[in-house]
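> Taken in sequence, the protein lines are chains A and B. Going by this note's numbering, the residue at position 55 of the first sequence is 55; the numbering climbs one at a time, nothing skipped. Going by this note's numbering, the residue at position 296 of the second sequence is 630; the numbering climbs one at a time, nothing skipped.
If you're looking for bench data, these hints aren't it; they were derived computationally from the structure. For each residue, glycine too, the CB sits at the ideal point set by N, CA and C. Incorrect hints may appear among the rest.
With a cut-off of at most 27 angstroms between alpha-carbon atoms, the simulated DSSO-like pairs for lysine-lysine come out as follows [stated by the list, open to error]:
| # | chain 1 | residue 1 | chain 2 | residue 2 |
| --- | --- | --- | --- | --- |
| 1 | A | Lys235 | B | Lys437 |
| 2 | A | Lys235 | A | Lys154 |
| 3 | B | Lys562 | A | Lys235 |
| 4 | A | Lys217 | A | Lys228 |
| 5 | A | Lys313 | B | Lys547 |
| 6 | A | Lys313 | B | Lys551 |
| 7 | B | Lys647 | A | Lys217 |
| 8 | A | Lys235 | B | Lys551 |
| 9 | B | Lys647 | A | Lys213 |
| 10 | B | Lys551 | B | Lys476 |
| 11 | B | Lys431 | A | Lys142 |
| 12 | B | Lys547 | A | Lys178 |
| 13 | A | Lys154 | A | Lys103 |
| 14 | B | Lys569 | A | Lys217 |
| 15 | A | Lys213 | B | Lys476 |
| 16 | A | Lys228 | B | Lys562 |
| 17 | B | Lys437 | B | Lys488 |
| 18 | A | Lys178 | B | Lys431 |
| 19 | A | Lys228 | B | Lys569 |
| 20 | B | Lys551 | A | Lys213 |
| 21 | A | Lys213 | B | Lys512 |
| 22 | B | Lys488 | A | Lys213 |
| 23 | B | Lys547 | A | Lys119 |
| 24 | B | Lys453 | B | Lys431 |
| 25 | A | Lys213 | B | Lys569 |
| 26 | B | Lys476 | A | Lys178 |
| 27 | B | Lys547 | A | Lys228 |
Covered stretches of chain A, going by a simulated chain B footprint (3 or more residues, C-beta under 8 angstroms) [said to hold, decoys possible]:
| # | stretch |
| --- | --- |
| 28 | 90-100 |
| 29 | 156-162 |
| 30 | 203-211 |
2 protein chains.
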Amino acid sequence: MRILRLAAAFGILLYGLAASPAADPLPSWNDGPAKTAIVNFVHVTTDPSSPQFVPAEQRLATFDQDGTLWVEHPIYTQFMFVLSQIAAMAPQHPAWKTTPPFKAVLDRDEAAMVKFTQKDLVTLLATTSTGISMDAFHASAKAWIAQARDRRWKRHYNELIYQPMLEAMRYLRANGYKTYIVTGGGQEFVRAFSMETYGVPVDQVIGSTGETKFVEKNGQTELMKLPKLQLNNDKSGKPEDIYLFIGRKPQAAFGNSTGDQQMLEYAQSSPGAHLEMLVLHDDATREYAYGPAAGLPNTKVGTFTQNLYDYAKANGWIVISMKNDWKRIFSFDP
Amino acid sequence: MRILRLAAAFGILLYGLAASPAADPLPSWNDGPAKTAIVNFVHVTTDPSSPQFVPAEQRLATFDQDGTLWVEHPIYTQFMFVLSQIAAMAPQHPAWKTTPPFKAVLDRDEAAMVKFTQKDLVTLLATTSTGISMDAFHASAKAWIAQARDRRWKRHYNELIYQPMLEAMRYLRANGYKTYIVTGGGQEFVRAFSMETYGVPVDQVIGSTGETKFVEKNGQTELMKLPKLQLNNDKSGKPEDIYLFIGRKPQAAFGNSTGDQQMLEYAQSSPGAHLEMLVLHDDATREYAYGPAAGLPNTKVGTFTQNLYDYAKANGWIVISMKNDWKRIFSFDP
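Construct the entire structure; sequences and hints are all you get.
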């Protein structure tokens, strides 16, 4: 009896838990090929008896951000941050009121902003990246993300993250995968909220970067931002920078545009099991519809071309239909 | 009695182990200010009751390699690797037999090699970094380190690592510190042996890098080396790249030359407790003696100037005397 009581207290309860059907790790996904692909991938790479088993210290999954983890349409969130920085700097620069491209920003002239050239964007980025320390930039981005809200949902931008992708990240991490964000956006911008938003620490954020300059004075040090591109973490830059930072191939890669194709090709060349997924924005009701399957022209952001769609299908990559594969899109959806 | 026997089997033995005096985590260090500084630093940053406690996920220590973790005198180990690559390529380049700087390398003409200019070195590095994939380069470095031996000790180069520093790394890791190698040497070269030599995984190696080019063909991908400097991880480059890769300051930094000064300044500006240590090569018998306190002129490698020595003393940095602070230098020392 005593033995039974001890067993009941320490053993059977645990056994009972283990024997009950496991909770669904991906509750915001509808049953279908996308959900099945993720679950199967985790199973074959983490079951020690599987021929495709990957040791825990080698498990690596990389995620694009804009359009893959959070909303990118109609305008990249980081660009909204740059606009706010320009507005904050404007009082010290009275000439901007009449000088393009600053004038359009200060007038909130969306028709003009949509027509911004690459040169205009570089001018704005360089302006907000000069004479500021990385610490000050980080603090400024952190403060902005805590207060700014988008216009459609009236939510903080980091509430507009896709709940199914967050579940996929957590599910992979619970199975020993190290999850990295690999974004064409600015590394420092994303680091300002990656931990609280995605549970991804700053040293697992790879992004585009500008050069910095180390300055020491009286025992205090500062890293100043320089308006000079260092890493262009887009297209081929993604696998190049993954190797630079991590030194090996991911087994799983998630993206949504031509900027992610090379990262997915890199995962695809992993020996053993690998997983490549592309988010297709085909849900005009709950989010947006753009790209080939939506029958809509590509916009400036999130270029999911017909070529990429055909390439994905030919290579066994999984195209995630937001409309069909996702039960809910945001955590606040019913 | 049964209870006692159970206790003896499971409890008391463990208690007995815990109650015995802890084994010295730094057995190759002599008692003195350097050893005391390391032990005190670990104590005040990891004791939860300490006002200078650092949460485990923020504990970070960075180590230079050449002259700090392994022998750099009289010539950097990586240069010996480059020489071997040139020799291996020579049969395809008959003209090298009469063309400087290749001729000196192939003739093993040390008098000429000592006089190599920066331009000569760049020529040799560029030659061995063109038309080779990162994977092939990694394999080649791995094969070389497994067979090449130095001339003084007749040992593999990665046996010529300083046992006291290895103990310091392990002691820091056992106390929750993440240890990074931050080297002016090539990142890919050091990654080829960092795990087996130091227990440092490839994604915790920050070094100088060249650009790479991603190539995809028939489902296979390759990253090709390009003969173009990307990150010059020396002097100010060290804190700049630490921030790029990790996103925060180290609390502890270890170096041995002017190339490490900025990294130590960066650690020094950490809030709370911090530790800066410089290895002084003052042991001509067991290793080498060069630098200010040894009364010897600086050589091309490992520039520990009198200025740096004075700066260290003025700033409370710890200068490690190899002669006095280290009981043994190599694991094979008596």
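> For this structure, which hints from the list above don't hold up?
Numbers 1, 2, 11, 15, 18, 20, 22, 28, 29, in rising order.
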